[in-house]
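Enquirer: Next come the chains, spelled out residue by residue.
There are 2 protein chains.
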Amino acid sequence: MMNYEKFYADRVKPMKGSAIREMFKRMADPAIISLAGGNPASELFPGEELSKIAGKILMTNPVGALQYGTTDGVPAMKECALSRARKVNAVKDGDQVLIMTGANQGIDLTTKSLINKGDKIIVENPSFIGSLNAFRTYEAELVGVDMDDDGMNMDALEDALKNNTGVKMIYTIPTFQNPTGTTMPLEKRKRFIELANKYDVVILEDNPYGDLRFRGEEVPTLKSLDTEGRVIYAGSFSKILSPGMRLGYIIGAPEFLEKIEILKQVNDVHTPVLTQLMCAEFMKKYDIDKYIEKNRELYGKKCAVMLEAMEKYFPAGKVKWTVPDGGIFLWCECSGIEDITPVMDKALEKKVAIVPGSNFAVDMSAPSNKFRLNYSSATPEKLEEGIKRLGEALNEVL
Amino acid sequence: MMNYEKFYADRVKPMKGSAIREMFKRMADPAIISLAGGNPASELFPGEELSKIAGKILMTNPVGALQYGTTDGVPAMKECALSRARKVNAVKDGDQVLIMTGANQGIDLTTKSLINKGDKIIVENPSFIGSLNAFRTYEAELVGVDMDDDGMNMDALEDALKNNTGVKMIYTIPTFQNPTGTTMPLEKRKRFIELANKYDVVILEDNPYGDLRFRGEEVPTLKSLDTEGRVIYAGSFSKILSPGMRLGYIIGAPEFLEKIEILKQVNDVHTPVLTQLMCAEFMKKYDIDKYIEKNRELYGKKCAVMLEAMEKYFPAGKVKWTVPDGGIFLWCECSGIEDITPVMDKALEKKVAIVPGSNFAVDMSAPSNKFRLNYSSATPEKLEEGIKRLGEALNEVL
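Same order as they appear, the protein sequences are chains D and P. Position one of the first sequence corresponds to residue 1 (this note's numbering), numbered consecutively onward. Position one of the second sequence corresponds to residue 1001 (this note's numbering), numbered consecutively onward.
Take the hints with a grain of salt, since some may be wrong.
To be verified - Here are the simulated BS3-like pairs of lysine-lysine, each with C-alpha atoms no more than 25 angstroms apart in a straight line:
hint, chain 1, residue 1, chain 2, residue 2
1, P, 1087, P, 1284
2, P, 1013, D, 168
3, D, 198, P, 1006
4, P, 1168, P, 1117
5, D, 56, P, 1052
6, P, 1320, P, 1350
7, P, 1092, D, 16
8, D, 162, P, 1006
9, P, 1168, D, 117
10, D, 285, P, 1056
11, D, 6, P, 1117
12, P, 1052, D, 284
13, D, 117, P, 1016
14, P, 1168, D, 16
15, D, 78, P, 1016
16, D, 52, P, 1056
17, P, 1016, D, 92
18, P, 1056, D, 56
19, P, 1198, D, 6
20, D, 16, P, 1078
21, D, 117, P, 1117
22, P, 1168, D, 13
23, D, 168, P, 1016
24, P, 1284, D, 56
25, D, 16, P, 1117
26, D, 6, P, 1162
27, D, 13, P, 1117
28, P, 1052, D, 52
What the hints assert, rightly or not - Across the chosen pairs, the derived CB separations fall in these ranges:
hint, chain 1, residue 1, chain 2, residue 2, range
29, P, 1363, D, 345, 51 to 61 angstroms
30, P, 1363, D, 163, 39 to 49 angstroms
31, D, 289, P, 1217, 56 to 66 angstroms
32, D, 16, P, 1198, 30 to 40 angstroms
33, D, 61, P, 1380, 20 to 30 angstroms
34, P, 1351, D, 87, 36 to 46 angstroms
35, D, 287, P, 1016, 39 to 49 angstroms
36, D, 339, P, 1061, 34 to 44 angstroms
37, P, 1191, D, 79, 48 to 58 angstroms
38, P, 1116, D, 163, 28 to 38 angstroms
39, P, 1162, D, 79, 52 to 62 angstroms
40, P, 1094, D, 199, 43 to 53 angstroms
In case anyone wonders, no lab produced these hints; they're calculated from the structure. The C-beta atom is built at its ideal place from N, Cα and C for all residues, glycine as well.
Kindly generate the complete structure, drawing on both the sequences and the hints.
Expert: So, in structure tokens, the structure goes:
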């Protein structure tokens, strides 16, 4: 029998299958109401439109759709990505765009292009586990900055920049953050850019949810406020068209993107061509903004259902939560307990699933009295029923 | 203006846009006959069949095709990969399979799971530039082993294993190798496995061309000869269905694949679902072996056209070449020159493109008197005309 352990690279030695994955296995029971995942609503997926588009592309342009493509992406798809990004002023003169097999690939390969073992990345604490784990695979040291109800605390960010040497990058989801659902206001964003300029670090701005505002005013992207070319902007079609198609992009200075393109070339050569052509044709033929508008309305309604049910069923005064203006998540904090695990276990008994806060923390081993809720995936009826059951679990434990 | 250089990770500092890429830019002229790329023949792409399949999947199962999938792959697609691998006895009891966004992703992430900076990887010299560059991005040290007309020289392999400490992996394309077109016979494969066992190293067996034999007897895969679970097998649908769909897979011991799955999770989360469902449905509904058989015949015919033209047009006695039994490449060596660049330049003037051998070498800076030819992509008429023009270039330079 081989000793497999001795072959593992240092970067994967500490890695176990993710806790979320294990939890999803426990959730395989179809009776379970999941408030745990990050799936967009599937009610509105344009299956019929995409069916016609895919059929036509393969019939009229089989070689174009099935032969090798170029690493940077299909030209029409690159134009789609740029047109989405231009809406939020995220494209500067001279910027390049790379189509990615999901924005996550952009985050992974951006990190690979910048981070040596031991380099520091400042992150919101809590933040998206997929990105944090990507950073961990490059043996980055993560420096967490606490969150206010309106995004990263700027004094804490300045302290982190002042007190750490070797910080190369700040990673942020400034709008409808995962997992907290919070949004950084303009004044904070301006200070954020000033601090990045002062301490000369790269900003990786991840904006998968920015299109999903159902309340309040748009806030400018960090990319639009950047005058020095230090922001790499990651966009996604996962939450506005289809996550299964795995279409994302990054936009930034060619000095950054040329290196990332080489890393993509050796990673998956290029993003599948058919899905790129389908997305480009969908955007040409249909009004994607109208489609997004329908999703916004649906998410606003679902969020309201969840918040109303929380008021009704959660134990009074014992749970605090964020009230998002868009996106798909909100964030809860319980008083009177150190660790949320008993609540999660009790909730699973009642067949409702949530994600414990520790999964999103820089230090995943520390107990957390917080949890994340998703309102985009379940139907309004299931959301109400799920929160009712979760309320029972909270009442029993708290 | 930012100093971008200071942000680059060490691994990307030496990387320039690939020479092949630059050459492909020079080849943008549509009048050029390309014998340079690695594209499979597009004449036989089953566009109509895939059009119907894609249309039906999106119409009848839009949520299944468009929502998030699982990292390991769609079950029906995993079964397709296993059934291809079982044909070459590449699946052992207890093995796992991971669907990859092209086999290249499997090679990239396998390397990421095993290789620390400075670890050594033994490779065929010359070998596939995409894999060599993937290894370079993990700061592996490449140890090249010279090739015979029937694959890696086994004495040279033993020397490499004996004389190097820190070898973790041997990378090989044993069948219809890229770029040489050579195939390792059974006796060599047995010794290869013995040596890997003796020196306790992992084998990464890359087999994208194995299905494309048009002459001679099948040779068992290394994976089928492995009794210790040390071979990770990479398979691909790029050369038997469509490269643009980006569908590949790796098969091996769960101790290896569990780590690689975590790395895929943070890389692209999962391979796009639609293309997986399309491939699975194509294999269920149509006889893929019949489709592959048509490709084999076509490649056998095209290879014969190329070889015959080479006999006719190349300067007598000045160029040696390999005669492949399958796959899509052959390999030429010129006498009387140290470096092939003048031939390539002269050929490009005559509007025919080849790839200089240095691109496939462990030491890319050393001059090479060799070049790679591809016969799968161009039509028989273009192949004949391309070799005629290349013969003129060779006659002028040699």
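Enquirer: Work down the list of hints and note, for each, if the structure agrees.
Expert: Verification of the hints:
1. Between residue 1087(P) and residue 1284(P) the CA atoms are separated by roughly 16 angstroms; this keeps the pair inside 25 angstroms, and the hint holds.
2. Taking the CA atoms of residue 1013(P) and residue 168(D), the gap is about 15 angstroms. The hint holds against a cut of 25 angstroms.
3. A threshold of 25 angstroms between alpha carbons decides the hint, and for residue 198(D) with residue 1006(P) the separation of about 16 angstroms falls inside it, so the pair holds.
4. Our distance criterion of 25 angstroms between C-alpha atoms is met by residue 1168(P) and residue 1117(P), whose separation comes to about 12 angstroms.
5. For the given pair, residue 56(D) sits about 9 angstroms from residue 1052(P) by alpha-carbon distance, which is consistent with the 25 angstroms threshold.
6. Of the pairs offered as hints, the one joining residue 1320(P) and residue 1350(P) holds, with about 22 angstroms between alpha carbons and a cut-off of 25 angstroms not exceeded.
7. Annotation: proposed proximity of residue 1092(P) to residue 16(D) holds, straight-line Cα distance about 24 angstroms (limit 25 angstroms).
8. Note on residue 162(D) and residue 1006(P): the hinted pairing holds, with a Cα-Cα distance of about 19 angstroms set against a maximum of 25 angstroms.
9. Proximity of residue 1168(P) to residue 117(D) is assessed by CA-CA distance (about 20 angstroms); at most 25 angstroms being required, the pair is judged to hold.
10. Simply put, residue 285(D) and residue 1056(P) have alpha-carbon atoms about 20 angstroms apart, close enough for the 25 angstroms limit, and the pair holds.
11. Between residue 6(D) and residue 1117(P) the CA atoms are separated by roughly 15 angstroms; this keeps the pair inside 25 angstroms, and the hint holds.
12. The suggested pairing of residue 1052(P) with residue 284(D) holds, with an alpha-carbon distance near 22 angstroms, which does not exceed 25 angstroms.
13. Proposed proximity of residue 117(D) and residue 1016(P) is supported: the alpha carbons are some 22 angstroms apart, at most 25 angstroms.
14. In summary, the hint linking residue 1168(P) to residue 16(D) is supported, as the alpha carbons are separated by about 22 angstroms, within the 25 angstroms threshold.
15. The suggested pairing of residue 78(D) with residue 1016(P) holds, with an alpha-carbon distance near 22 angstroms, which does not exceed 25 angstroms.
16. The straight-line distance between the Cα atoms of residue 52(D) and residue 1056(P) is roughly 9 angstroms, inside the 25 angstroms bound, and the hint therefore holds.
17. Taking the CA atoms of residue 1016(P) and residue 92(D), the gap is near 24 angstroms; set against the 25 angstroms cutoff, the hint holds.
18. Restraint check for residue 1056(P) and residue 56(D): the C-alpha separation of about 12 angstroms stays at or below 25 angstroms, so the hint holds.
19. Only pairs whose Cα atoms come within 25 angstroms are accepted, and residue 1198(P) paired with residue 6(D) is accepted, the gap being roughly 16 angstroms.
20. Taking the CA atoms of residue 16(D) and residue 1078(P), the gap is about 22 angstroms. The hint holds against a cut of 25 angstroms.
21. About 10 angstroms separates the Cα atoms of residue 117(D) and residue 1117(P), which keeps this hinted pair within 25 angstroms; it holds.
22. Taking the CA atoms of residue 1168(P) and residue 13(D), the gap is about 15 angstroms. The hint holds against a cut of 25 angstroms.
23. Under the criterion of a C-alpha separation no larger than 25 angstroms, the hint pairing residue 168(D) with residue 1016(P) is consistent with the structure, at around 22 angstroms.
24. For the hint pairing residue 1284(P) with residue 56(D), the CA-to-CA distance comes to about 22 angstroms; that is within 25 angstroms, so the pair holds.
25. Taking the CA atoms of residue 16(D) and residue 1117(P), the gap is about 22 angstroms. The hint holds against a cut of 25 angstroms.
26. Annotation: proposed proximity of residue 6(D) to residue 1162(P) holds, straight-line Cα distance about 19 angstroms (limit 25 angstroms).
27. This hinted pair checks out: residue 13(D) and residue 1117(P) have alpha carbons roughly 15 angstroms apart, not beyond 25 angstroms.
28. Between residue 1052(P) and residue 52(D), the direct Cα distance comes to roughly 10 angstroms. Compliance with the 25 angstroms bound is thereby established for this hinted pair.
29. Between residue 1363(P) and residue 345(D), the C-beta spacing of about 58 angstroms keeps the proposed range 51 to 61 angstroms intact.
30. Distance hint check: the CB atoms of residue 1363(P) and residue 163(D) are about 44 angstroms apart, consistent with the given range 39 to 49 angstroms.
31. Our hint of 56 to 66 angstroms for residue 289(D) and residue 1217(P) holds, since their Cβ atoms are close to 60 angstroms apart.
32. About 32 angstroms separates the C-beta atoms of residue 16(D) and residue 1198(P), a value consistent with the hinted range of 30 to 40 angstroms.
33. Between residue 61(D) and residue 1380(P), the C-beta spacing of about 24 angstroms keeps the proposed range 20 to 30 angstroms intact.
34. Taken as a hint, the range 36 to 46 angstroms holds for the pair residue 1351(P) and residue 87(D), whose Cβ atoms sit roughly 43 angstroms apart.
35. The given range of 39 to 49 angstroms is respected by residue 287(D) and residue 1016(P), whose C-beta atoms sit roughly 42 angstroms from each other.
36. Residue 339(D) and residue 1061(P) have their C-beta atoms about 40 angstroms apart, which keeps the hinted 34 to 44 angstroms range intact.
37. Look at residue 1191(P) against residue 79(D): about 54 angstroms separates their beta carbons, and that is inside 48 to 58 angstroms.
38. The hinted range of 28 to 38 angstroms is satisfied by residue 1116(P) and residue 163(D), whose Cβ atoms lie roughly 30 angstroms apart.
39. In this structure the supplied range 52 to 62 angstroms holds for residue 1162(P) paired with residue 79(D), their Cβ-Cβ distance being about 55 angstroms.
40. A beta carbon spacing of about 51 angstroms between residue 1094(P) and residue 199(D) agrees with the range 43 to 53 angstroms that was offered as a hint.
No hint from the list above goes unmet by this structure.
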